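**Student:** Chains as they are written, first to last, in this note's numbering: chain A, 724 to 870; chain B, 93 to 522.
It should be emphasised that the hints constitute simulated quantities derived from the structure, not laboratory data. Remember, predicted model here, so these are calculated numbers, not experimental data. Check each hint, because a few of them may be wrong.
Said to hold, decoys possible - Once the Cα atoms are required to be at most 30 angstroms apart in a straight line, the calculated DSSO-like pairs of lysine-lysine come out as:
1. B/293 / B/377
2. B/395 / B/432
3. A/832 / B/376
4. A/748 / B/336
5. A/791 / A/811
6. B/437 / B/509
7. A/752 / B/336
8. B/395 / B/511
9. B/377 / B/474
10. A/747 / B/336
11. A/832 / A/794
12. B/474 / B/376
13. B/377 / A/832
14. B/432 / B/474
15. B/511 / B/474
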Amino acid sequence: MEQKYILLVEDNPDDVELTLLAFKKYNIKNDLVVIQNGAEALDYLFAEGAYAGRDLSNMPTVILLDLKLPKIGGLEVLRRIRADERTKFLPVVILTSSKEEQDLINGYKFGANSYVRKPVDFAQFTEAARQLGLYWMILNEPPPRKS
Amino acid sequence: MKKDKNTLAAAAELRRRAEERLRESKKGEAARPGTKEETQRLLHELQVHQIELEMQNEELQQSRAEVETGLAQYTDLYTFAPVGYFTLERDGAISRVNLTGASLLGIERSRLMNRRFGLFVSDDFRPAFNAFLKKVFENQAKETCEAALRTDRNEPVWVQIEAIASEDGQGCRAAVVDITERKQAEGEIRRLNEELERRVKERTAQLETLNEELEAFSHSVSHDLRAPLRSISGFSQALLENYKDRLDEQGQHYLERLSAASERMAGLIDDLLLLSHVARVELKKSKVDLTALARSIMQELQKTQPERQVEFVLAPGLAASGDPNLMRTLLENLLSNAWKFTSKKPQARIEFGMTYHDDKPVFFIQDNGAGFDMTYADKLFKPFQRLHSLADFPGTGIGLASVRRIVHRHGGRAWAKGKPNEGATFYFTI
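Looking at chain A on its own, in the form it has when it is part of the complex (with noise of 0.2 angstroms):
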């Protein structure tokens, strides 16, 4: 049986230990993979590039999705993940400090399961990170892999 693992798409170096760091704290054991910016995310689901030879079927269980990216932003990597039969029904929780109202309303526009606000401070950070993981990856039902 495979395992169950998170893919995190963030470039920030900081988010991404505070992240590992907090994950730990409330010991989430899933593997995280994190990608730092949104081609090479691309890249990986879709088995081409750098990753070509993956196992497709070893999709992530869920994706947690910065917007603010380099090379290619995490808006158009939602659209992608959403525009392929392979990835179109993959959670994507949203993840990013932005707090702007336009950003909310195409993050759903472009079919994002969910938009999580980075709090500043560590203590709601590390929280919401243990709700997330709690949810995502033990109460939420992932959509069935496809053969």
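Starting from the known structure of chain A, fit chain B onto it as the hints suggest.
**Tutor:** Chain B alone, transformed into the frame defined by chain A:
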């Protein structure tokens, strides 16, 4: 009666003609002798008759002099009138014109006779003038028109023509006034207006660009400033939690201060964004039920601290015309302030109602909380200015600045009254 040479010559001529007429009337009559008495009587009659005639003559001369004086006066009035007078025939031919009129057209009076007025009107206006002339003779009432005259100068001569047909309809009387100066002033006003319009358009475009830039700025602030803040807070916290045993009390204290500071900074960024949002968002006015809005906000406030007992007095039917979102922000700021500053009063009371100042409706939110010193009242609505220490009451000092901005955008005013420890009342008009 002056007895000068002319009068004598005229008198001689008159006698000659009288004698001739007498001769004519007496033709065929025989000369008749008469008695001495008869002749005397006739002589007397004739003498009386002559004197009568002389007297009549004198009167006539006087009348004639008066008439001539009158005529001279009227001629003077007509000829030298400050407007041009024209008498025109049905086809517009000039049958009479005064000096002013002639000089308006720039032609000697004698050379204007029987020439059509229309000839002197500039080509562009001739059809309009002809139509005007037609209307004058049709309507029998005073008609007015403006026209430009033909001129060999560069600047056109503008005139206003008022004309009325005579009773017999065969001619009309026209007064022609030079309005060139007025026209030039009008032209200048029009040019100034166009210039103003252009400048307004330019300024509006500049403002729009500025707004777009502000929006881009807010957006980047939203992302870019928060991330490093999170790092500061996050790693301080991680240090505190995971390396507590390796830090002494002082070290832990420093880390706590770091965390608190970054949290404050986050609050400031949020508030700044709110303020700029309030300033630049598009205003969409509609009728807002302020009573319902206030009630919902108070319910939310109560949920944040369910243990607090606060008496909330709410006037029914409060409404205003405004942007619903901004109205909500306005009331949220005022009510949450009242909530916050009554937190140390065991029997807190907050009232939202309406009163009248100079017959104009004014909304107010009153609380019996910490109040403030009126000496510093002018600082109240300034951004980041606070009248209480952070230790007493938290806050960044942006709430009232937002309130004022919202109220101003709706064309209203906001002000406040307070007394230390006796509460405060915030008034606003919309």
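**Student:** Evaluate each hint against the coordinates.
**Tutor:** A quick look at each hint next to the structure:
1. A distance of roughly 24 angstroms separates the Cα atoms of residue 293 of chain B and residue 377 of chain B; the hinted pair therefore holds under the 30 angstroms criterion.
2. The straight-line distance between the Cα atoms of residue 395 of chain B and residue 432 of chain B is roughly 14 angstroms, inside the 30 angstroms bound, and the hint therefore holds.
3. A threshold of 30 angstroms between alpha carbons decides the hint, and for residue 832 of chain A with residue 376 of chain B the separation of about 24 angstroms falls inside it, so the pair holds.
4. Under the criterion of a C-alpha separation no larger than 30 angstroms, the hint pairing residue 748 of chain A with residue 336 of chain B is consistent with the structure, at around 15 angstroms.
5. Annotation: proposed proximity of residue 791 of chain A to residue 811 of chain A holds, straight-line Cα distance about 21 angstroms (limit 30 angstroms).
6. Of the supplied pair hints, the one linking residue 437 of chain B and residue 509 of chain B holds, its CA atoms being roughly 19 angstroms apart against a limit of 30 angstroms.
7. Of the supplied pair hints, the one linking residue 752 of chain A and residue 336 of chain B holds, its CA atoms being roughly 24 angstroms apart against a limit of 30 angstroms.
8. Between the alpha carbons of residue 395 of chain B and residue 511 of chain B the distance comes to roughly 29 angstroms, so the proposed pair stays at or under 30 angstroms and holds.
9. A C-alpha spacing of about 26 angstroms is found between residue 377 of chain B and residue 474 of chain B, which places the hinted pair at or below 30 angstroms, so the restraint holds.
10. With a C-alpha separation of about 17 angstroms, the suggested pair residue 747 of chain A and residue 336 of chain B falls inside the 30 angstroms cut-off, and the hint holds.
11. Taking the CA atoms of residue 832 of chain A and residue 794 of chain A, the gap is about 21 angstroms. The hint holds against a cut of 30 angstroms.
12. This hinted pair checks out: residue 474 of chain B and residue 376 of chain B have alpha carbons roughly 25 angstroms apart, not beyond 30 angstroms.
13. Restraint check for residue 377 of chain B and residue 832 of chain A: the C-alpha separation of about 27 angstroms stays at or below 30 angstroms, so the hint holds.
14. Under the criterion of a C-alpha separation no larger than 30 angstroms, the hint pairing residue 432 of chain B with residue 474 of chain B is consistent with the structure, at around 19 angstroms.
15. This hinted pair checks out: residue 511 of chain B and residue 474 of chain B have alpha carbons roughly 19 angstroms apart, not beyond 30 angstroms.
Hint check: no violations occur; every hint is consistent with the structure.
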